Amino acid sequence: GENVEQHPSTLSVQEGDSAVIKCTYSDSASNYFPWYKQELGKRPQLIIDIRSNVGEKKDQRIAVTLNKTAKHFSLHITETQPEDSAVYFCAADQGAQKLVFGQGTRLTINP
Amino acid sequence: SAVISQKPSRDICQRGTSLTIQCQVDSQVTMMFWYRQQPGQSLTLIATANQGSEATYESGFVIDKFPISRPNLTFSTLTVSNMSPEDSSIYLCSVSQGRTGELFFGEGSRLTVL
Numbered sequence: 001g002e003n004v005e006q007h008p009s010t011l012s013v014q015e016g017d018s019a020v021i022k023c024t025y026s027d028s029a030s031n032y033f034p035w036y037k038q039e040l041g042k043r044p045q046l047i048i049d050i051r052s053n054v055g056e057k058k059d060q061r062i063a064v065t066l067n068k069t070a071k072h073f074s075l076h077i078t079e080t081q082p083e084d085s086a087v088y089f090c091a092a093d094q095g096a097q098k099l100v101f102g103q104g105t106r107l108t109i110n111p
Numbered sequence: 001s002a003v004i005s006q007k008p009s010r011d012i013c014q015r016g017t018s019l020t021i022q023c024q025v026d027s028q029v030t031m032m033f034w035y036r037q038q039p040g041q042s043l044t045l046i047a048t049a050n051q052g053s054e055a056t057y058e059s060g061f062v063i064d065k066f067p068i069s070r071p072n073l074t075f076s077t078l079t080v081s082n083m084s085p086e087d088s089s090i091y092l093c094s095v096s097q098g099r100t101g102e103l104f105f106g107e108g109s110r111l112t113v114l
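Protein sequence lines correspond, in order, to chains Z and A.
Just so it is clear: in the first sequence, position 83 is 83 by the working numbering, and no numbers are missing.
Just so it is clear: in the second sequence, position 69 is 69 by the working numbering, and no numbers are missing.
Derived by calculation from the structure, the hints in this document are not laboratory data.
Hints may be right or wrong, so weigh each one.
[Unchecked claim] Lysine to aspartate or glutamate pairs mimicking DMTMM-like chemistry, simulated, CA-CA at most 25 Å apart:
| # | chain 1 | residue 1 | chain 2 | residue 2 |
| --- | --- | --- | --- | --- |
| 1 | Z | Lys42 | A | Glu54 |
| 2 | Z | Lys37 | A | Asp26 |
| 3 | Z | Lys37 | A | Glu107 |
| 4 | Z | Lys37 | A | Asp87 |
| 5 | Z | Lys71 | Z | Glu83 |
| 6 | Z | Lys57 | A | Asp87 |
| 7 | Z | Lys68 | Z | Glu39 |
| 8 | A | Lys7 | Z | Glu39 |
| 9 | Z | Lys37 | A | Asp64 |
| 10 | Z | Lys71 | A | Asp26 |
| 11 | Z | Lys58 | A | Glu102 |
| 12 | Z | Lys37 | Z | Glu83 |
| 13 | Z | Lys42 | Z | Glu83 |
| 14 | Z | Lys68 | A | Glu102 |
| 15 | Z | Lys68 | Z | Asp27 |
| 16 | Z | Lys68 | Z | Glu83 |
| 17 | Z | Lys42 | A | Glu107 |
| 18 | Z | Lys42 | Z | Glu5 |
| 19 | Z | Lys71 | Z | Glu15 |
| 20 | Z | Lys42 | A | Glu102 |
| 21 | Z | Lys22 | A | Asp26 |
| 22 | Z | Lys42 | A | Glu86 |
| 23 | Z | Lys42 | A | Asp11 |
| 24 | A | Lys7 | A | Glu86 |
| 25 | Z | Lys42 | A | Asp87 |
Since the structure is predicted, the reported quantities are computational estimates derived from the model, not experimental observations.
Generate the whole structure from the sequences, applying the supplied hints.
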């Protein structure tokens, strides 16, 4: 089955700097890669996703890149703000709309 | 996106008891799933709740421990049976919507087993 590895587990950046979180997956049949943001005590919220027919997708300050050959994808957050502090999870589909999640990255934005 | 309501939002349970979590969606959805998030951990899929038939369980999860019902396209329940402290987790209902199949989560049910 699918296995998703996520790095780093924790990330601390200065406000205004960029943050990058990376994930690798094992199943070449996966073709849907969402990213979720989970604030403390809240539900995971979908923030951006990408499908295998594109290499990059951007939505304001966040972007996701996908390299299907290498089986890795990354989340990029630019001009970070304190409200970006949260745990971020990458995921990959394993068919039938089921997702396998990475281990999570705790992002802290320092003012 | 659909509005997903779970209850209870949290509960404290005694070892050996069972608790049923309810998930209600404000629109009909094809796919409903139950995930578990242990403290400080990632999300793990327990099972797919199939409308009108038995749920499909992932490796490591069994029906006797986590019986699931899905009587219609808007409602599902997950029971955590014969609980032990290791079952202390957040249990999340999720639904897949739309043509592109994005997955959305309920608020979760935080269970603490003493």
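Going through the hints against the structure:
1. Of the supplied pair hints, the one linking Lys42(Z) and Glu54(A) is violated, its CA atoms being roughly 30 Å apart against a limit of 25 Å.
2. Restraint check: the Cα-Cα separation between Lys37(Z) and Asp26(A) comes to about 23 Å, which is no more than 25 Å; the hinted pair holds.
3. Our distance criterion of 25 Å between C-alpha atoms is met by Lys37(Z) and Glu107(A), whose separation comes to about 13 Å.
4. Under the criterion of a C-alpha separation no larger than 25 Å, the hint pairing Lys37(Z) with Asp87(A) is consistent with the structure, at around 24 Å.
5. Taken as a hint, the Lys71(Z) and Glu83(Z) pair is broken in the structure, with Cα atoms around 30 Å apart against an allowance of 25 Å.
6. Proximity of Lys57(Z) to Asp87(A) is assessed by CA-CA distance (about 38 Å); at most 25 Å being required, the pair is judged violated.
7. Note on Lys68(Z) and Glu39(Z): the hinted pairing is violated, with a Cα-Cα distance of about 29 Å set against a maximum of 25 Å.
8. About 20 Å separates the Cα atoms of Lys7(A) and Glu39(Z), which keeps this hinted pair within 25 Å; it holds.
9. A C-alpha spacing of about 32 Å is found between Lys37(Z) and Asp64(A), which places the hinted pair above 25 Å, so the restraint is violated.
10. Between Lys71(Z) and Asp26(A), the direct Cα distance comes to roughly 37 Å. Violation of the 25 Å bound is thereby established for this hinted pair.
11. For the suggested pair Lys58(Z) and Glu102(A), the alpha carbons sit about 17 Å apart, so the restraint of at most 25 Å is met.
12. Straight-line distance between C-alpha atoms of Lys37(Z) and Glu83(Z) comes to about 11 Å, which keeps the hinted pair within the 25 Å bound.
13. A distance of roughly 14 Å separates the Cα atoms of Lys42(Z) and Glu83(Z); the hinted pair therefore holds under the 25 Å criterion.
14. In summary, the hint linking Lys68(Z) to Glu102(A) is supported, as the alpha carbons are separated by about 20 Å, within the 25 Å threshold.
15. The hinted pair formed by Lys68(Z) and Asp27(Z) meets the criterion: a straight-line CA distance of about 10 Å does not exceed 25 Å.
16. The straight-line distance between the Cα atoms of Lys68(Z) and Glu83(Z) is roughly 31 Å, outside the 25 Å bound, and the hint therefore fails.
17. Simply put, Lys42(Z) and Glu107(A) have alpha-carbon atoms about 7 Å apart, close enough for the 25 Å limit, and the pair holds.
18. The suggested pairing of Lys42(Z) with Glu5(Z) holds, with an alpha-carbon distance near 23 Å, which does not exceed 25 Å.
19. For the hint linking Lys71(Z) to Glu15(Z), the alpha-carbon distance of about 30 Å lies beyond 25 Å, and the restraint is violated.
20. Using a Cα cut-off of 25 Å, the hinted pair Lys42(Z) and Glu102(A) holds, with the two alpha carbons roughly 18 Å apart.
21. For the hint linking Lys22(Z) to Asp26(A), the alpha-carbon distance of about 35 Å lies beyond 25 Å, and the restraint is violated.
22. The suggested pairing of Lys42(Z) with Glu86(A) holds, with an alpha-carbon distance near 21 Å, which does not exceed 25 Å.
23. Between Lys42(Z) and Asp11(A), the direct Cα distance comes to roughly 16 Å. Compliance with the 25 Å bound is thereby established for this hinted pair.
24. Taking the CA atoms of Lys7(A) and Glu86(A), the gap is about 21 Å. The hint holds against a cut of 25 Å.
25. For the hint pairing Lys42(Z) with Asp87(A), the CA-to-CA distance comes to about 19 Å; that is within 25 Å, so the pair holds.
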